[in-house]
Amino acid sequence: MSISDLFDSGFRNRNKGHFSAIVRVALSDGTITPEEKKFLDKLAIKLEISQAEYEEILENPLKYPVNPPLLHSHRLERLYDLSRMVYADEHVTGEKEQDLLKKYALALGFTPGNVGYIVDKALKLVDMNVDLDTFIYEMQHMNR
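Following my numbering, the numbering of the sequence shown begins with 24 at its first residue and continues without gaps.
FYI, nobody ran anything at the bench for these hints, they're computed from the structure. One thing to keep in mind: the hints can contain errors.
Below, a list of computed lysine-lysine pairs in the PhoX-like style, where the Cα atoms sit at most 20 Å apart [stated by the list, open to error]: (1) K125 <-> K144; (2) K126 <-> K147; (3) K126 <-> K144; (4) K125 <-> K147; (5) K86 <-> K147.
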């Protein structure tokens with residue numbers, strides 16, 4: 024196995040872990056709505072998740088662990104995706120979804136002391152329908 028194969032394998036596993044985490048958020052209320060399905064379909068393409076992998080993850084979303092990225096901006100990108108999934112169901116968030124989002128934020132490496140503040144800010148930004156670049160900028164400068 025070459026080094027590029029190892030890199031590709033690790034990259035794909037991280038993407039599967041990220042996609043799996045988002046599927047868990049989508050399933051947190053017991054169903055995947057058409058809007059959530061549309062979001063998952065787009066994200067699967069972006070993360071290079073094959074149809075077979077997609078179906079496997081839908082059947083068992085706990086199979087892949089959440090693997091936090093090293094770079095803070097990449098963690099924010101994943102938080103953005105997760106936050107968008109929470110809002111995908113007609114912009115309605117329940118306590119269960121927010122709690123799950125906090126757990127994933129912790130798994131992504133955000134600190135327990137401010138995870139509530141981070142999740143609240145993330146959800147407000149997503150509710151305002153900001154794009155990824157604006158989201159990252161605002162999250163990086165939220166203490167100003």
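Tested hints:
About 12 Å separates the Cα atoms of K125 and K144, which keeps this hinted pair within 20 Å; it holds. Restraint check: the Cα-Cα separation between K126 and K147 comes to about 18 Å, which is no more than 20 Å; the hinted pair holds. Straight-line distance between C-alpha atoms of K126 and K144 comes to about 15 Å, which keeps the hinted pair within the 20 Å bound. The hinted pair formed by K125 and K147 meets the criterion: a straight-line CA distance of about 14 Å does not exceed 20 Å.
Among the hinted pairs, K86 with K147 is inconsistent with the structure: their alpha-carbon atoms are about 30 Å apart, more than 20 Å.
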